[in-house]
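Let's have the full structure, built from the sequences with the hints guiding it.
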Amino acid sequence: MIPQSPVLVVVIPLIFSFLNLLFGWFRRGLCYPITLVALALSFLASLHTLNTVITTGTIHYYLGGWNPPWGIEYVVDHLNAFVLAIISFVSLVVGVYSRRSVEQELPDKTVFFYTVFLLQVTGLLGIVITGDVFNLYVFLEIASLAGYALITIGEDGAALASFRYVIMGTIGACFYLLGVGYLYMATGSLNMTDLAQLLPNLYGSKVILVGFAFFMLGVAIKMALFPLHVWLPDAYTYAPSTVSALLAPLMTKVGAYVMIRILFTVFGPEFSIEIFHVTDILAWFGTFAILFGGIMALSQTDFKRMVCYIIVAEIGYIVGGIGVANPTAIKGAIFHILNDAFMTACLFVVAGMVMYKTKGHNISDFRGVFRKMPFTATIFMVVALAVIGVPPTCGFFSKWYLLLGGIEAKHWGFVIALLLSTLINAALFFRVIDKGLYLHASEHTGLHSEPRYDEAPLSMLIPGFIIAIAIILIGIFNQAIFRNIIEFAVPSGL
Amino acid sequence: MFDFILSKYNYWIYIILMMIGFYAMIGKRNLVKKIIGMNLFQTAIILFFVSTAAKRGGTLPIIEHAHGHGAHAIEATAYINPLPHVLMLTAIVVMVSTLGVALAIVIAIYKRHNTLEEDEILRQQK
Amino acid sequence: MTDLLAIEYRPFLAILCPTIASFLILVSGRRPNLRESWTIIGSALLFLTVISMTPFVLKEGSIKCDLFNLLPGVDFAFNVDAFGLIFATTSSCLWILVSLYSIGYMRSLEEHAQTRYYFSFALAILGAIGIALSANLVTMFLFYEILTISTYPLVAHDETPEAIYGGHKYLAYLLTGGVFFLIGILMIYFLVGTTDFSHHGILKPALDSTSKLTLQIVFFCFLLGFMKAAWMPVHSWLPTAMVAPSPVSALLHAVAVVKAGVFGIIKIVCYLYGTDLMHDLGLGLVLGCIAAFTIIVANLYAIGQGNLKRLLAYSTINQLSFIILGVAILSPMSVTGAMIHIPFHGFMKITLFLCAGAIMVVTGKKEISQMAGIGRQMPITMIAFTIAAFGMCGAPPTAGFISKWHVCLGAIQSGQMVFLYIILIGSLLDVVYFFPVIRTAFFEKMPEVETLSGDMEEKVQVVSKQIQIQETKRPLYLFMVIPLAITAAFSIIFCLFPNAFYIYDLAQMAVKNIFGGM
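Protein chains in written order, with the numbering used here: chain A, 1 to 494; chain B, 1001 to 1126; chain C, 2001 to 2518.
Derived from the structure by calculation, the hints contain no laboratory data.
EDC-like cross-link-like pairs, simulated, lysine to aspartate or glutamate; straight-line CA separation at most 20 Å:
{"id": "1", "chain 1": "B", "residue 1": "1126", "chain 2": "A", "residue 2": "302"}
{"id": "2", "chain 1": "A", "residue 1": "206", "chain 2": "B", "residue 2": "1003"}
{"id": "3", "chain 1": "B", "residue 1": "1111", "chain 2": "A", "residue 2": "155"}
What the simulated footprint calls covered on chain A by chain C, stretch by stretch (three residues with Cβ under 8 Å from a Cβ of chain C suffice, anywhere in the stretch; the number is not a length):
{"id": "4", "stretch": "384 to 398"}
{"id": "5", "stretch": "430 to 438"}
Built from N, CA and C at the ideal position, the CB exists for glycine as well.
See the structure below:
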């Protein structure tokens, strides 16, 4: 039982990113192994933390030995540890996957890429683990800035997309900062647990209400909740493949985690559900996000853009689940954080593999993929079935809980949106599968010869397979995850 | 009514500054003007925070004795609140790094498109 | 190892057979003979496994096989009972025959993407067997979706625009059905906390906590969920799906997919709601009306069809609603008739579709009007067709007679004479559209010699070709002709020995359990 494991999770990528810069200066080839070592160590630390939390309960780690509420405290409970493990696992897998893709797309920027990659991971891990609202702001900005830098080095159009992301993301972070400021002005504390004790007396105060509103807006921008999602499609489409694979699954889910923390840990269910009915509004936003994301995705011809709109819809699932706010739906939302991270990562990994071979990420680049790249196609089938929600993949089980929660709360709008989304996702993915599977369709006769077998390299395939197998295993063994982690992660008082 | 505005004049000034910056970020078409707006917005927020630390008649929060002297009781209410200042030091660092990244992105955009007007760039991209 | 063969694991073995076979098919794509042999071996093993479970089930009642926990209160579990075995036996036996037929069909036409075809076929059978053996709604849903998705490449196999359109329509209908099925499952889980099937239905306790209207709405969700049963007006995917190759139409759209839909409806009526609750809610009458409407209208559509496969499609829709009607009447005899009609109709309809496919391969003809005098070129095929057509009409000595007899008796016994008349009118209409096909095939002359062009030698060749037996010309054709002769023979065997493959005993046992030992 290493007592420092919570802080090691965050500190290791940070230190190694500087080591990366140092050693990469001399030998470029060292970047990839250093990055992998950092991510692997961080993953082990996060697993250890998760194990500790499952066996002994919430961990309180005081940074520098300073007691809260004066020092910064890391509070790791079940929800925290769970998301921590997800982030470190996905970043490790994407790290392994990144090598060939970075070689091809960013040949002269390898050192800087891996350095900023590790900083990004640091930021994401820090957001999740901290128990101090201002510390969260700092890590939020670390992650965001690293994200802006990583997106800019993508293809044509990435710079402008990143600039727009900068503008919107800064607005979001500044709103968050304003929220922190208002809370501090009213309570004098920055520690989440401390705030949870001080705030119930102040529920009638307007300052708290405005602070809450700023928090929600800031997090909603970061999380790409409809209608504040506008930065997401451009940013993740034009970014390099590895960057999309890293940022898309994780950045938005971390935002969802922050929302759960603010709604239920800092402010308490009483405030969010009964006094101000914020969750009702969130449920409707989630519903509209699902429908909007689905409809927009149907009109896309670019595969990565389509996946971006699917992400918007999936965020709608999670926010809708939070908004419905009964234990079943929240369990579904938390489980969906796990599922969506894996599914989105897998989708962008597949897109990256196709891009590696065809230099494009349009749906028409998927032509003949079942024969050219059968293993990639298999991975794609698995993740397509997961997004559609076919058992026994994980997507079905989170849909089950979310739907059941919606039925229990009689929130029929959310239920219908989820079901429609299943059909829309089926239409989206079968469009791509058609392109990949059917070669003899009359519009293509005479254009090309039969595609030859030309599979993506092994260092890209193996991470893809790991995620695909994980998607199936998480589905089959979902009860183990629920019983050990998620049951305890549901915020108390619901 | 006037009392409401006059007594909180610091907040009003900073909020107006914030809104000017916010408008610039969104309403202006030149990328550098947007960045200036972003800077205004963030600076206004920082000043807003710092102003919450001020106290009428409070002095600088530095305890005046050399290291090694025995500690003596401090009357906390005589000093202005140092915590927001400290937090805002961090926020200033964040602001500066955001500025740096934004400017780097603008340089990249300029290299590619040779213009800094957003509508020009969008037209070129079509 | 011997533990694995123990009776408790037999259901799991039954599921493994098509799964492993499909995987082996996928990897042996380069060697067609090896690939086809995996299909044959897999299907034979599956059939043996299923048949081996039957004596045990007849004695003990059911085999339970709980694999692991999927959700609180829901396990991934199999419960092999009498009714499920009927469906499983049908599917597995016919898989062997249709696989042999496929070999002849695909190789004669030198079709593309044969590996994809056999792979999807194996997965589709996996779905059908899984549905037959599942113990609760969620397991059934899992295999239901596997069935839908694996049959999509089969429907769109030809990859022509019509085929792809047919595939899309197929997928649209069936996936929408899947969504309705899911909402039904969730409502059941929400109301009673479990989704397991049981003889007397599990929904009685729900009446305390919710209104009758809710249960009726949930029943309609399930009914919409089983669009696979092609009841009107959500039937139109089936005629459009006839663009698929004939073996696909034969096994899947006459036996596996559509029978899965009907199987599901019977399971919902008898094992989820229970016959008492169905009476209480008045749903039997509603279901019967839908089925009756479908029978009449489908037959009327069939009369006007010129394409042989589309005619058979509407005949299938008619026969499926006949099964639904049998269940809707809710009397022991009629439910027995409905249950035995699943295998009987399966064998007969397969014969018809295999004949249609054989005709297309050997002579290239798809329209009935072109098939004048074809009985001379393909005698075995057309005799089999005739036998099966008699079966559709319900005439002795074919199996169709037995099942129609049971359902009619059940209708009389329960006093619902209207349904009796509907069935009789339906049978009459069957004769109306099948008879012209038989007459055209056997009794019409081929186009006159004078209308042929070309010189005398060519004319002699054409005429002699017309009176030669074509169906045994190539050895590949035998792969097609022998299976359809076997299924036609079974159509008669089932009439004389309804207990072949234990079908009748199983149906009796299932009905006894459902109706509580009447």
